[in-house]
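*Asks:* Chains A and B, in that order, give the protein sequences. Here the first sequence stands for residues 4 to 358, where the numbers follow this note's numbering. Here the second sequence stands for residues 4 to 358, where the numbers follow this note's numbering.
These are calculated hints, taken from the structure and not from any lab test. Mixed in with the good hints, there may be bad ones.
Which copy is meant is left open, because identical chains are indistinguishable; a pair holds if it fits in one copy or across any two.
To be verified - BS3-like mimics (lysine-lysine), calculated; alpha carbons at most 25 Å apart, straight line:
(1) Lys220 - Lys325
(2) Lys285 - Lys34
(3) Lys322 - Lys34
(4) Lys94 - Lys325
(5) Lys34 - Lys325
(6) Lys220 - Lys179
(7) Lys179 - Lys325
(8) Lys154 - Lys179
Number of protein chains: 2
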Amino acid sequence: MPEAVLKRAASDMLDWHGSGMSVMEMSHRGKEFGAICAEAEADFRALMAVPEEFQVLFMQGGGLGENAIVPLNLSQGRTVDFIVTGSWSSKSLKEAQRYCEARLAATNAPSDYTRMPAPSSWELSTDAAYVHLCSNETIHGVEFQELPDLKALGSRAPLVIDFSSHVASRPVDWSKVGLAFGGAQKNLGPAGLTIVVVRNELLGHALDICPSAFNYKTVADNGSMYNTPPTWAIYVAGLTFKWLLQQTEGALSGIAAMEHRNIAKSSLLYDFIDSSSLYSNKVAVDCRSRMNIPFFLGDESLNDAFLAGAREAGLLQLKGHKSVGGMRASIYNAMPLAGVQALVAYMREFERSRA
Amino acid sequence: MPEAVLKRAASDMLDWHGSGMSVMEMSHRGKEFGAICAEAEADFRALMAVPEEFQVLFMQGGGLGENAIVPLNLSQGRTVDFIVTGSWSSKSLKEAQRYCEARLAATNAPSDYTRMPAPSSWELSTDAAYVHLCSNETIHGVEFQELPDLKALGSRAPLVIDFSSHVASRPVDWSKVGLAFGGAQKNLGPAGLTIVVVRNELLGHALDICPSAFNYKTVADNGSMYNTPPTWAIYVAGLTFKWLLQQTEGALSGIAAMEHRNIAKSSLLYDFIDSSSLYSNKVAVDCRSRMNIPFFLGDESLNDAFLAGAREAGLLQLKGHKSVGGMRASIYNAMPLAGVQALVAYMREFERSRA
Chain A
4 MPEAVLKRAA SDMLDWHGSG MSVMEMSHRG KEFGAICAEA EADFRALMAV
54 PEEFQVLFMQ GGGLGENAIV PLNLSQGRTV DFIVTGSWSS KSLKEAQRYC
104 EARLAATNAP SDYTRMPAPS SWELSTDAAY VHLCSNETIH GVEFQELPDL
154 KALGSRAPLV IDFSSHVASR PVDWSKVGLA FGGAQKNLGP AGLTIVVVRN
204 ELLGHALDIC PSAFNYKTVA DNGSMYNTPP TWAIYVAGLT FKWLLQQTEG
254 ALSGIAAMEH RNIAKSSLLY DFIDSSSLYS NKVAVDCRSR MNIPFFLGDE
304 SLNDAFLAGA REAGLLQLKG HKSVGGMRAS IYNAMPLAGV QALVAYMREF
354 ERSRA
Chain B
4 MPEAVLKRAA SDMLDWHGSG MSVMEMSHRG KEFGAICAEA EADFRALMAV
54 PEEFQVLFMQ GGGLGENAIV PLNLSQGRTV DFIVTGSWSS KSLKEAQRYC
104 EARLAATNAP SDYTRMPAPS SWELSTDAAY VHLCSNETIH GVEFQELPDL
154 KALGSRAPLV IDFSSHVASR PVDWSKVGLA FGGAQKNLGP AGLTIVVVRN
204 ELLGHALDIC PSAFNYKTVA DNGSMYNTPP TWAIYVAGLT FKWLLQQTEG
254 ALSGIAAMEH RNIAKSSLLY DFIDSSSLYS NKVAVDCRSR MNIPFFLGDE
304 SLNDAFLAGA REAGLLQLKG HKSVGGMRAS IYNAMPLAGV QALVAYMREF
354 ERSRA
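Just chain A, with the same shape it has in the complex:
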């Protein structure tokens, strides 16, 4: 998380803006927290250019919770098309089967999660309630560089995207989206807050078995305060939105600046990996994630030495997910370019010393 956000949270801890209260002590229905929440929503809308016809909901339950909450609200028990491009979308499909006819419309699973199935090859239903995809898969390191235009593919269904792991790292083309959801913990703030952005027209169709606390219409009608919201997480996410709005790269600002920075960070690492004879990344170039970069050492017996040296150099959490092995660099928004430069310098020196 940005250091400026943490410092502000620490200095506000006992007394938020002279209120005499910590944010953690505020009633969620009081005017102080009401102001914090309204400002967080306005800043998120400005940051992400969310159009008026969408609601922004602050919820609980995380991405895994949404795997059930989305079909409970949107499926109407009908067919739902899933694009499965890695572990997360695979889990979403499995969970949705509790509530609807969840259908595999396209995948390269399980053997080849290193590229996306081309949209032209997707077998979309004529009458799906919605189409689900995960726009960035953290474990396999694949990312949609552009969202599909479902209308152009012959589907009238709204598109649902799980953007948990790359929200606020790049713009979203809302004209192509019906609903987007994401846990806040990667790019936006502390764990325990889920942000749902949903078109007004998709509200009000929940199944009877949808819990009230997770019914989008109930949450929207109550300004995200039907049940007590995760107040502290909303406050810290709000500080992060302000930090993101203030970021600049040359003439760019906000999300455009973040995207520029994320392209620079990820290109630096991919270019080095591609030029190396020790390291490799198996993902097709046009499907590579800017957030999560898995890579492998040509000689896997060097893995332990690589990780031990990295730890000594202060480079943490580089071990790949157990389901794919190797290494993985997760370079979310708060990671500065200098952090990636340090990683590349270490990787270059490690390779040289082993040559």
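Since the structure of chain A is already known, use the hints to place chain B on it.
*Replies:* Just chain B, lined up with the frame of chain A:
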């Protein structure tokens, strides 16, 4: 919240125990957060004397979420008996009707939420999946001074208690309980954390439509880390558990000390109200809540002046819930005796000046 807890949270903000990370930046699967979570659970178990045959789960969704999550996990679609003693248990009954035969077994609703129906009058089913009650009702200010012994009442069903609003204010007789749930925001920490204490034997009976993220067995099998838990809220709740364990009143410590203090605080206010000719509390003496004390001014035209004067004296949030009117003092664990003394002093002076 206790000032000591807030100060500690502020000083740990940028660097928890020399880890170089804020708690908000930790991976929930890393060893640092694993230690924080394990210590929080151990401290909660020690504080509340939770027996080994119960799981302690850290979840999301709050009390209103649990109104659906409990029947999804425990009802097996069978009859469930509800004891309705105020707004919260009434909401729980209504939500459960989505998932099971939710049955009103006892109530004084809607005219007389000022006392509990005597357990001897409860019409319990012979085959209920469980019996639900809310052990403290915040709006009406009624509290179970003792949990019912369902076996003695002829029911073999496990007892489910919603103890959101008085958890950690008094001991729990776990021998009478099958499951207890509570949002953390009243007595235990920041909003966004729900604590569920559940007997092992009640796990594994969820309905197929129960979302995985809210399936108690899935949550228990994964040590509350099936989905990313609300890490910061768990950390702050853990600090609060330590603060509670350290509290003493004479020879008493921990929950026994808190109970002693809560009796002293609530008795001071109730005794004053009962001795006054301006103020009144309508709740039967043996059903009065130690946490939430609604009261009325004999002349309701004085309400605005009472609230304005209270605000000037720094006594906040005294307006009663809109569904009952009048005033309400919520004197949770973190409110010191001095706070109640200040309230009584103000009320006495207000009465004197209007006499």
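*Asks:* Next, verify each hint and record whether it holds.
*Replies:* Each hint, compared with the structure:
no.: 1; hint: Lys220 - Lys325; in the structure: between (39 Å within a copy, 23 Å between copies)
no.: 2; hint: Lys285 - Lys34; in the structure: neither (52 Å within a copy, 30 Å between copies)
no.: 3; hint: Lys322 - Lys34; in the structure: between (45 Å within a copy, 14 Å between copies)
no.: 4; hint: Lys94 - Lys325; in the structure: within (16 Å within a copy, 44 Å between copies)
no.: 5; hint: Lys34 - Lys325; in the structure: between (47 Å within a copy, 16 Å between copies)
no.: 6; hint: Lys220 - Lys179; in the structure: within (21 Å within a copy, 38 Å between copies)
no.: 7; hint: Lys179 - Lys325; in the structure: neither (34 Å within a copy, 43 Å between copies)
no.: 8; hint: Lys154 - Lys179; in the structure: within (9 Å within a copy, 58 Å between copies)
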